[in-house]
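Number of protein chains: 2
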Amino acid sequence: MAEQCVIGFDMGGTKMIAAVVDASSRIVGRARERTGAEDGAEAVYERVVAAIRGALEKARKPKIKAIGIAAPGPLDRRRGIIVETPNMGLRKFPIADRLRREFGVPVVLENDVNAGVYGEYKAGAARGYSNVVGIFIGTGIGGGIVLDGRLYIGATGNAGEIGHMIIQTDGALCGCGQHGCVEALASRTAIAKDVAALAGSGASQFVREEVGTDLKGIRSGVLAGAIAKGDRRVRGVVERAAHFVGIAMANCANLLGPEVIVLGGGLLEKIGPMFLKEAERSMREHAMESVLAGVKVVLASLGDDAVPIGVATLAREPRARA
Amino acid sequence: MAEQCVIGFDMGGTKMIAAVVDASSRIVGRARERTGAEDGAEAVYERVVAAIRGALEKARKPKIKAIGIAAPGPLDRRRGIIVETPNMGLRKFPIADRLRREFGVPVVLENDVNAGVYGEYKAGAARGYSNVVGIFIGTGIGGGIVLDGRLYIGATGNAGEIGHMIIQTDGALCGCGQHGCVEALASRTAIAKDVAALAGSGASQFVREEVGTDLKGIRSGVLAGAIAKGDRRVRGVVERAAHFVGIAMANCANLLGPEVIVLGGGLLEKIGPMFLKEAERSMREHAMESVLAGVKVVLASLGDDAVPIGVATLAREPRARA
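Keeping their order, the protein sequence lines are chains A and B. Using the numbering used here, the final residue of the first sequence is 487, and nothing's skipped along the way. Using the numbering used here, the final residue of the second sequence is 487, and nothing's skipped along the way.
Looking at chain A on its own, in the form it has when it is part of the complex (with noise of 0.2 Å):
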């Protein structure tokens, strides 16, 4: 079985993780390095090589099949370019033919968000079933879409952004440029400026307290101590960007009529149970009757695991995706 290993490499803006994952989709051995982007692309390439042979190392130097790299968008997947990560210092990169020739297998290149939900439904909480949508919450709001136990990414290879689906037209202003989109209204960047403003005018003294007005401070771990500690308001807050996810479930339910949605990212790690009961109360409020009889909602179950095992099995599997 040793051969039928294959890399699941994560790339993130400051780390990296090389992943061994074996034809059970378990990891057999990883590796972590920090992306270092201000040292420039050759560095960062440098460092993914030495992540992939670190995460060998440590799995006994199985043979690998192939290597499936996981990156933030926009990708030329067919070419296994990276075209532009703006916090990564890689642009039209090449990264898929560099690993070709350096470690003689297939290169699969794949954007995170997909190859996040993509493992969740081969290794995690989205198991067993083949119609899936996945919602990341963390400072953006990233989906994919599993139909037919295929990962679709459509016509263009772009499909499932679900963080710019638009439910509130000429709403709050999106990173995007946009007006309204779900991200705008439900990333954790949306939730910390309504935060920090509550922060501010003493609203939460927690907040206030632990962590002052910075947005950047807000972090997941922040909201969820307040919440614990009875805050109120920074609960409304939370129950607010919950209820604009759920309204965003309904119209995927409506228009897909899957059978799971998962809910994952950094922000449900830290208060999820909390954040899917109010957004799975708010998309049964909003979705159709018809749909909805079939259509489950449940947390997703590998953390920092589901994108190296998602684009791992992506490599693996060439029909994996439609």
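Hints should not be assumed to be uniformly reliable.
Stated by the list, open to error - Here are the computed distance ranges between Cβ atoms for each label pair:
hint, chain 1, residue 1, chain 2, residue 2, range
1, A, 397, B, 248, 38 to 46 Å
2, A, 265, B, 464, 44 to 52 Å
3, A, 344, B, 293, 30 to 38 Å
4, A, 367, B, 249, 52 to 60 Å
5, A, 335, B, 249, 30 to 38 Å
6, B, 292, A, 248, 30 to 38 Å
7, A, 486, B, 449, 23 to 31 Å
By construction, these hints were calculated from the structure, which means they are not laboratory data. The beta carbon of each residue, even a glycine, is placed where N, CA and C say it ideally should be.
With chain A held as given, fit chain B onto it using these hints.
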């Protein structure tokens, strides 16, 4: 080739159309009957049979392979039962069983909008593509999705409900009970509400004189007439509706990355080019750059034939639905 003919049947609230469709998706015989729901289910059923026999007569009695019935939902596809049709007097009606016994061929039941979108995909404006979103605008707004060449109905069989996508949280009241569905903002009914008010206030003299302020009188032809006469207020209302449809199209493009979006239905048959232009402009303003490159927007081309052709083809191809 005669034995390759299939019946495509379109059940509507006021009229029903039976068509004999050949293997090239051409209609080679057709007949229509009034629905006459007030006479009760058995009378309606008898007229269904009469229409089918009439169409077969016109096509010189070919041997048929299957029957496809398109009806407004909710349907129980698997058991071939029309669960409920508010305007048609059929309730829990086992139409597939009855027709199977009557004609001795398999019978397939499908939602009428799905059938229409599939017809445009197989023989109309979306022919040659494999990822299609169809939006049909009339009294309500219906949608259908073709992915990888197959009609996508989701795990629940009810996917494609584009009309009830919420794009304006807490917006206008929809017939479904929700607020801010695209149907509530952009259907002919939504347009008629605003135009009736224009007629009432005298802001649209044309509509006031033509049909007064009765919502039911403000049909697509009246809107077309007002616009042709240079009525800028009516035109503004219609453009606003198209703007909202464009937002729903943008959400669909972001989520599904289709190759083509087909706009059809009664409203579009009267003011298609003008409506499409506004809707496409709005879509391109609201969708993500990365998904837009590959998306075309076209007008449906089959008119009333889309539904019978689509459902006939679905009946012919057992694997046509995913």
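Task: Structure versus earlier hints, numbers of those that do not hold, lowest first - done: none
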